[in-house]
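*Asks:* Given these sequences and hints, build the entire structure.
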Amino acid sequence: MNSRQRNLMEKMDLIPLISVIYKNEQRYLEHKIKELDINSTQVSCLMEIYSHGDVEDQHKLCQKDLVEILNFSKSTISTSLSKLEEFGYINRKIDPNNRRKNMIYLTKKGCSVIPKIIEIDKMWEQDMDCELITEELKADLRKIAIQSWKLRKSIK
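The numbers in full-length UniProt numbering rise by one with no breaks, and the one at position 127 of the sequence shown is 127.
It is worth saying that the hints were derived from the structure and are not from the lab.
Being a predicted model, the structure only gives us computed values, none of them experimental.
All clues given are correct.
Derived CB-CB ranges, DEER-like:
1. 21 to 98: 37 to 43 Å
2. 31 to 53: 27 to 33 Å
3. 133 to 112: 25 to 31 Å
4. 108 to 146: 32 to 38 Å
5. 101 to 155: 25 to 31 Å
6. 125 to 2: 24 to 30 Å
7. 98 to 148: 28 to 34 Å
Think of the CB as a built atom: it goes at the ideal place given N, C-alpha and C, for glycine as much as any other residue.
*Replies:* Now the structure itself:
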């Protein structure tokens, strides 16, 4: 980083700083996951599907849920899921209770990449020296994120 960039960073408000951190994390992630033939949006989808359990009986997640949770457009989620299904990371099955819904499940291949993604995330945190981030700061940032989500919802 040159002195001009450092000066710009020192003058930035909180939200642009968070944006810089997010964008750099995405670049880092994209670099580390190249071998998996997936992108950072698809990683977000995989991790959210994984967080709902990796056994079909435990899943209660559909495409609409991912749009809401991840705050991506319907087309972005649809494209991401199509690629993940094409590469064998997920399966979609019609919900027997609502035939218009497709439930999303990780395959064995999908489950096998989760530890790799978690390890990449841990490497990012180690490289970022994240012990500087206190629980209090995390709590405050969560409050900001929740408030921003509420604000976004109110303008739809």
